[in-house]
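Chains as they are written, first to last, in the numbering used here: chain H, 1 to 350; chain F, 1 to 350.
Rather than coming from a laboratory, the hints here were simulated on the basis of the structure. Values in this document were obtained by computation on a predicted structure and should not be read as measured data. Beta carbons are placed, not taken as given, at the ideal position from N, Cα and C, and that holds for glycine. Hints may contain errors.
Unchecked claim - Partial pick of chain H residues on the chain F-facing surface, computed with a CB cut under 7 Å:
id, residue
1, 27
2, 31
3, 204
4, 224
5, 257
6, 261
7, 320
8, 325
Unchecked claim - Within a straight-line C-alpha distance of at most 20 Å, the following computed DMTMM-like cross-link-like pairs (lysine to aspartate or glutamate) qualify:
id, chain 1, residue 1, chain 2, residue 2
9, F, 233, H, 292
10, H, 108, H, 121
11, H, 233, F, 150
12, H, 108, H, 37
13, F, 108, F, 121
14, H, 187, H, 121
15, H, 108, H, 84
16, F, 187, F, 136
17, F, 233, H, 293
18, H, 108, H, 80
19, H, 108, H, 118
20, H, 233, F, 121
There are 2 protein chains.
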Amino acid sequence: MDALAVRVETLRWRGDRLELIDQRALPQRLEYVACSDAAETAAAISAMVVRGAPAIGCAAAFGVALEALRQRDARGPSRDAAFERAFATLQASRPTAVNLFWALARMKSVLSTVRDRDGPEVAAALTAEAQRILAEDLEVNRAMGRHGAELVADGARIMTHCNAGALATAGHGTALGVVRSARDAGKRVSVVANETRPFLQGARLTAWEMLQERIPVTLVTDGMAGHLMSRGKVDIVIVGADRVAANGDVANKIGTYPLAVLAARHGIPFYVAAPLSTVDRAIPDGSGIPIEERDPSEVTGFRGERWAPEGVSVVNPAFDVTPASLVTALITERGVVRAPSRDALRALFD
Amino acid sequence: MDALAVRVETLRWRGDRLELIDQRALPQRLEYVACSDAAETAAAISAMVVRGAPAIGCAAAFGVALEALRQRDARGPSRDAAFERAFATLQASRPTAVNLFWALARMKSVLSTVRDRDGPEVAAALTAEAQRILAEDLEVNRAMGRHGAELVADGARIMTHCNAGALATAGHGTALGVVRSARDAGKRVSVVANETRPFLQGARLTAWEMLQERIPVTLVTDGMAGHLMSRGKVDIVIVGADRVAANGDVANKIGTYPLAVLAARHGIPFYVAAPLSTVDRAIPDGSGIPIEERDPSEVTGFRGERWAPEGVSVVNPAFDVTPASLVTALITERGVVRAPSRDALRALFD
């Protein structure tokens, strides 16, 4: 199956440019934006042309590859400086999803091994690494899907938040990858998609992905989750993650933490599907995860339509932190970690 | 102070018509819609030209008065039938807010005492009763405000949901009435307004009311409440109610229940400000409160802008139920009821 991952490529490498589905325009228009250098790639990440922690990581890797192609004829300090600028620009594009920094670290490591080579060789090495990151992400998502599908009962009504699907990754998806894999394993599943204000990734992206896959999907506003849970309409919750701290605390799209609190109250399993590249072992717990504050205009309206009065103050934190104690299990490519803890996560990496 | 209640009248009786602020157009446009009979009034309630439990009650009362004016020259069975139709139409306009049925019951009771009189006398009696309901609501809100203000500390950061303000009532407001009264008592208060999807009463109406009053207000999306509470940015939560069951369970705008659950987790007082007319002693607990299901188009977009994909399923419950156990206190015109229960509510009425 996996029809969408075949038909729609979130990131498309064209040899001299990176093409990204413009996720701001979905589902009304399916359009690609082309990035020709690191700065354009960073701008696309900042503006949320591409979003979703794993997809951001892949995009940033190709941003470095594009810089290498630009520097094909350069050498020495000027090339080094150009790479430094490219890394800095990409690193500053968004602060919360750790996959961005993880992917850039991989690219930097490859660069260090070919630093003395000619431009074309450097470009080839970095392009190959970016392509590996992309291919591995798809594989990792499929592995997570297989592990996670075992947690999904036949007939499960699965609530999800934001979009942790093919559009957030190299394909298949993390949370929605589990949904896809469960369906592919013959389970009848349905999805409740929280619309996920302010950027409406649930209403626009998750609803669209599920419709493409013919997986039944019901759209609700974020405030309806508690009502549905209290009326017994939700069997499990599965979300993705932007950064998992060493103790299992999870930063994910704003609005995730209330779902975890409500799920706990109603005895509903709360699962987080995230690859190891999302785990930041350098941060002891969720309090250390930087939370991006985005532009007020995202809250005062949508797509140029403004509904809030002029002069109102706004805060717009893009993520919140769910304590590990509320996470029933973490679904990774290496298996399912029940009741995630510092020790359990350490064991996963060893 | 109370500048808004003076400047802006949510409902305006003009002797032969009821003028209502069109709350769909706020804050971009301040316009009035005129209703000349019961059917137009019922349509205005259904379409949410006017909303908020107390305001709906007042509007419905004037709907009956308008019918009486139309029937001024009629008598006997034809007049009785016209009133029956008017009551039925108004009663069917919205199902959850009990103030609608409470106000109609008051009008019906007055009608029964003047049923044998001439049309002008009937019209005068019903118009006078509608005006009493309106005037009493304003008084009741001010009394609630005085009682509630004692619960508000100087400097309190008050989260509210939907709009339980002057626009939801005859003036002053229930939850926002407490905020106004606290400010008028010299307390420095600020408001965090949840935008309240899908109809965005928080973003459009509460933000606008507070700006009019120069009370500091910060707008957030509904999913941000948990994050703000977890970071210690909210001191108390105050909301209104559409129906309070005999045991203290509270039906209010969808998204209220998650706030109560989150407030309990963070040790934040959760207050409900509601007049006795909102208490439905005939319903033992919240499970018996009918929850209105509204049109899917409210969820798939806003004001004609659609962002969800075609073909997606939607549910759109307009209210949820917060169990009494999560309500720190009920603020009424007769005083503050801490830990509301069947006995405590019964005592309030006796």
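Results of checking the hints against the structure:
1. Using the Cβ-Cβ criterion of 7 Å, the hint placing residue 27 of chain H at the interface with chain F is satisfied: the shortest such distance is roughly 4 Å.
2. For residue 31 of chain H, the suggested interface contact is broken, since its CB lies about 15 Å from the closest CB of chain F, more than 7 Å.
3. Interface restraint check for residue 204 of chain H: the shortest CB-CB distance to chain F comes to about 5 Å, inside 7 Å, so the restraint holds.
4. Residue-level restraint check for residue 224 of chain H holds (minimum Cβ-Cβ distance to chain F is 6 Å; threshold 7 Å).
5. For residue 257 of chain H, the interface hint holds, the least distance from its beta-carbon to any beta-carbon of chain F being 4 Å, beneath 7 Å.
6. With its C-beta approaching chain F no nearer than about 6 Å, residue 261 of chain H sits inside the 7 Å limit, and its interface hint holds.
7. The criterion of a C-beta within 7 Å of any C-beta in chain F is met by residue 320 of chain H, whose closest approach is roughly 4 Å, and the hint holds.
8. Interface hint status for residue 325 of chain H: violated, as the beta-carbon distance to the closest one in chain F is roughly 11 Å, over 7 Å.
9. For the hint linking residue 233 of chain F to residue 292 of chain H, the alpha-carbon distance of about 17 Å falls within 20 Å, and the restraint holds.
10. Distance hint between residue 108 of chain H and residue 121 of chain H is fulfilled; the C-alpha atoms sit about 15 Å from each other, no more than 20 Å.
11. For the hint pairing residue 233 of chain H with residue 150 of chain F, the CA-to-CA distance comes to about 40 Å; that exceeds 20 Å, so the pair is violated.
12. Taking the CA atoms of residue 108 of chain H and residue 37 of chain H, the gap is near 16 Å; set against the 20 Å cutoff, the hint holds.
13. Taking the CA atoms of residue 108 of chain F and residue 121 of chain F, the gap is near 15 Å; set against the 20 Å cutoff, the hint holds.
14. Using a Cα cut-off of 20 Å, the hinted pair residue 187 of chain H and residue 121 of chain H is violated, with the two alpha carbons roughly 48 Å apart.
15. For the hint pairing residue 108 of chain H with residue 84 of chain H, the CA-to-CA distance comes to about 10 Å; that is within 20 Å, so the pair holds.
16. With a C-alpha separation of about 26 Å, the suggested pair residue 187 of chain F and residue 136 of chain F falls outside the 20 Å cut-off, and the hint is violated.
17. Our distance criterion of 20 Å between C-alpha atoms is met by residue 233 of chain F and residue 293 of chain H, whose separation comes to about 15 Å.
18. For the hint pairing residue 108 of chain H with residue 80 of chain H, the CA-to-CA distance comes to about 11 Å; that is within 20 Å, so the pair holds.
19. Under the criterion of a C-alpha separation no larger than 20 Å, the hint pairing residue 108 of chain H with residue 118 of chain H is consistent with the structure, at around 16 Å.
20. Under the criterion of a C-alpha separation no larger than 20 Å, the hint pairing residue 233 of chain H with residue 121 of chain F is inconsistent with the structure, at around 53 Å.
Checked against the numbered hints above, the structure breaks hints 2, 8, 11, 14, 16, 20 and satisfies the rest.
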